[in-house]
Structures are given as C-alpha cells and as structure tokens.
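Q: Sequences listed follow chains A, B and C, in order.
With this note's numbering applied, the first sequence has no gaps in its numbers, which climb one by one up to 134 at the end.
With this note's numbering applied, the second sequence has no gaps in its numbers, which climb one by one up to 168 at the end.
With this note's numbering applied, the third sequence has no gaps in its numbers, which climb one by one up to 323 at the end.
Here are a few chain B residues that sit away from chain A, every Cβ distance over 12 Å (derived from the structure):
id, residue
1, G50
2, S58
3, P121
Now the stretches of chain C that chain A is said to cover, found in silico as 3 or more residues with beta-carbon under 8 Å:
id, region
4, 237–249
5, 265–272
By construction, these hints were calculated from the structure, which means they are not laboratory data.
C-beta atoms are modelled at their ideal positions from N, C-alpha and C, and glycine is treated no differently.
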Amino acid sequence: MNHLGDLVSALLDGELTAGERAAAEAHLAGCPDCRTEMARTAAMRSLVRGLPPIEPPFGFVEGLVRADRRRRPAAVFAAAAAVAAAVGLAVTPRSDGVAPPVGRFVEAHATATPGGDPVTNLGPPSVLPVSFRP
Amino acid sequence: MDKDEQSVPDWEEVARRYGRFIFTVAYRLTGNEADAQDLVQDVLLRVRRGLPTYRPGSMEGWLSRITTNAFLDDVRRRRRRPLEALPDEPDRVVPPSVGADEALEATALPEDVQAALIALPEDFRAAVVLSDVVGLGYAEIAESLGVPIGTVRSRIHRGRALLREALA
Amino acid sequence: MRRVVPLLAVAVTIGLAPTAGASAGPLDDARRATEKASFNGSLAVTWVDGAAVRETVVTVRCDHGEMTIDGPVPIIKTFGFHVVRMSGGWTDLAPAGAIRQPSTSKYTVRRGDGPVVAGRPTVALHVFHRARLRESVAVDRELGVVLRREQLDDRGALVRRVEFTSFEPNTGTTRSGMPKQFRAESASVMGSRVPAPYRAPATLDGGYERVGVYRRGSVIQVVYGDGVYGLSVFEQPGHLNWDALPTAGRATTVDGHQARSYVWPGGRLLTWQAGGSTFTVVGDGLPADVLAAAASMRPARSLSTGQRLRQTARELVETLSRG
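Next comes chain A alone, as it looks inside the complex (with noise of 0.2 Å):
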C-alpha cells in the first residue's frame, strides 16, 4: 500500500468510513514515517485549534447596528462608495492604532489576580456586559 498521504488528516478528524480507517491504521502500524507524518499533522492541526477567539475593537459592532438603524438610503451610499473606489479610497472607516479590548483584560486581570479568594474575584468579572453601559 501506498503512504497514507492526505488520509492522515482525514484519519485525525474522523472523516473515514470503517474501511478506510482499518486499513488506515493497519499501514500505520507498520509504517515509522506515516506514524510521524501524523504526529506532526496532528500537532499542527492543535495549533490551529488552539487559536484565541478575536475580540472585534469595541463598539464596531454596536456602530454597524446603529449605522443600520439610520437607514441610510442604499442608492446613496452605492454611489458615495463608487465615488470613493473612483478616488481610492476606502468606503469604511478603517480604525487605526490599537483598541485595548477593556472587557478582556479585565477578565484575564481578574484570573492572574494574586490571592483573595476566588468567589469574590470571578463574581464580579461574571457581571462584566453590564458595566460598561453608559
């Protein structure tokens, strides 16, 4: 049998037939180099997995919403946006610099916090959407 090749992610994600996969893991145990090939596959793909969640900068979502909210007629802004491409610009407001995200780093603020006891430390983390409301 030929080496595995792609069935090797294929194998780690569980998307082989019964078939498939006993014949798959039978030229496993008898091939070093597939065995390492899934090893490094298999970490390459928890390195993938591992990645954060993004937080999007604060109050761009609220400001699509309340962007949306107005209304704005749709031929107008088509056209505002074509004459913005003519003239190359971007049609939204890109958001330059850094955007700390508050809300995070008062999470992660709370979980390194240095003793105390935990009740009162998470409580108050576990309230957070409500406090920064204007």
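Mind docking chains B and C on chain A? Use the hints.
A: Just chains B and C, lined up with the frame of chain A:
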C-alpha cells in the same frame, strides 16, 4: 444546540450575538483587523438578505459559510484570475526531522500561526479555517465551498503540511 | 505553555511565602478554603459607578475545586483552568491561581466576631491601611469561605460589596460542567521579567510589587500586588484608537496624559497612550490607589535624572525594608 437556534433570529440579534464569532473567522481568513472589519460588514449585509431563507440549524455553520464565500469572492474580484495556484493533488510524506515538532509546539505563538495561515493559498486557508477554527465536518465544508469531499480532504491535509513548513 | 504554570506557582510560593503576621495570610487561607469547599449559593455583587449604585446577582456552585459562576458571562474555574463562555464557545484564560500576593506590611488585619451572613455565623477580618478601615471580610466559621466582602473608601463609604444571599454547603458530587472542548487563549508565563521593549517597572506607587508577567500575542500583562489588592498593567505597542473604546467611561488624566476611566464591578480600569504605546491598568484596589499607581508607571526613558534617583532610592528603601 442552543435553544436560541430553534427560531429565526432578527438581524440585530445575529449581529450582536455572533459579531465576535464572525469577526474571529474573518480575522483568521484576512489576517488583519481592517480587512476583517470590511469582511464582517459584507457578511452582515449578506446575512440580512439571507435571513428570510435561513432554516433553523447551526447558525455558526451558516455564518461561517457566508463569511468564507464573501472572503473568496473578494479575493477573486481583486485578482481577476482563477485561484488555483496549487493543483489539488495527493500529498506525499514529508521526511521527518527530529525534534522539529516539539520545538514547533513549544515556540509557535498565535501570531506566528496566523502569519502562516495568511501565507496559505486562499482556497487551502478557507478549508483549514472552516475545519480547525470553526470546527465543521468535511461534508459541510464541501457544501460551503462547493467542491467534492475528496478536494476538501486534500486541501485540509496539504494546508496543514504547508503551515508546518511555514512555521519550521 | 500551560505546563509551566505549576512550576511558577512553586517558585512564587517559595519566594514569597507569607511570613507570620503578614496581611496576605487570611485571604490566602480563604482562597484555599474555597477551592476545597462544596456549596451552592447566590452571590449579590454591588458596586458604585459614579453616583449610581448597581447590583447584580449571580449563582455560584463549587464542587471539590471546580467553581461555576452563572452570570451573563458564565465562568468555570479550577486550579489549572479558567474557562469563560464566549459567543464562539468556551475559552480558557489560564493560567489561574498561579501567582500570590507579596507579603507587604501595607495593611494590618484584625480579627473579630462577624455578622450572620446567609444564615451562617462568620469571623470578621478587618483590613486597615494607615488606621483607616479599607476592607471588611466575613469568613464562614465552619468552612473558611468568604461570605461577604466590602470595600470602603477614605470616608468609610461603600465602594463595592460581594455577598452571599443564600449559601448551602453540600457533600454530594455533582457532574463536572467543565466543557470537553475549549479554546486556549495562550498566555505565556514569563516569570517576573518584563522583556524589552515593554516598560512596566518592578514597583508602582502605593506599595505595588510586580509578581508575574504574561504575554498574549503582542500584549504584555504585568501583574502587581500590594498585599491585598491586585493590579494589572497591559502594554500594547502602538497608538490608542480612542474611537474603538466603549462609549461609557469618563475622561481623566494619568501622569499628564489624556486617559479614559471605567468602573467595572470589581474596581477600575484606566487606558491611555504614552511614548508610542497604549497602556491599560485594571485594578481592584481603591480607585484613588489605582490612579496613583497608574500615574507612577512612567516609561523609563522619560524620567528625568532627579526622578530616576528618587525612584532608585524608593526601590532601595523598599527592598531593604522587605529584607
């Protein structure tokens, strides 16, 4: 499944509840905040148009499909040429190198992994993101990207191999 | 990266073990007691935000070291993990419980009879700073768990209160709610050294000592303790995008720099820009103390010779008085 997914939510609810999820997928695909913001705006426009036809199911699956397609559409528009930079051919076993993977696991930071993702051809990147960031199965990925399952399998595996090379 | 955490915990425990009579002791004892106890309860969190008094109730379940807090942001914590429910699933914000308060002589603690809280008798711990009562803690007589904690300002007015309104100890084991899958927000533990070009100093005004340094992507988190309260400095290279901040909050200044100040239920958050970097300070101490500590966080290169001499002298005195 969340109980909220039993009924069709309205647009604002989707934006508020899934904004962070869409932004994460958009960021993993584009690799920078400004492009991710543009992509999220595009996605939410498509969500508004698509909501009436949304059937209760996996909201995250549906949203990631829209996000990936909006991303690939944009890439195609910008390039005005086909995406297939690499042929979808079976992978070959990469010769093992001693200790390299342990070092990789110990030293790769999220921003390194993100940089390696951005170095992938977009079609491979989309498949890896749908599999390993969103957590979709191969059948859903095939449906989302409009390609056969065998192609998905190949893109995911070759994508992972290329990521590894980029990080080595 | 997570496997480094227990090592760090050991190192810090050896290096900063509270000495007899140190003020860090009683709260550390309460932390350990909470990690061992099993109970269900409702926790009322009250805090003052400007003129407004806000209150929210969350339910807390603790079962042999696994604590679940069901609020708007559900949290599950064990010694090694600290997972937070987000829209995309659960995320682990470890490391948890790895660092401890330094033993400073900033606070004195007096014990006394405590009130009955949620129907349970307590021991009171009164924490004083310069003869002013800063914190009043009621600890369950039987279990050692903190049942009520109140922080007071200079005039004795309440800043915030965390209090159990119901508390039911139990011995039965419930099933673990820890999700089988969660994402890791990988924070690398960097001991207590701040790598260049980040600039957070070893000490901050008000007796804050650096106890740990974490890195998340391009963000450095430097954690300080003053014996009772914690304070984190987050440093990000780049200019602050003011438009991206939440609309709540007040304008203020930190060491002459324009800043935004927010109240969160556990304390205060300040964010500002200085010398090409963006700084965010999150502290659970008194608002005035957090502001003073933040203002003392001057980038080293902007210090005048006189300031540098004073800082060196201060650090020297603090080191000697600790030794």
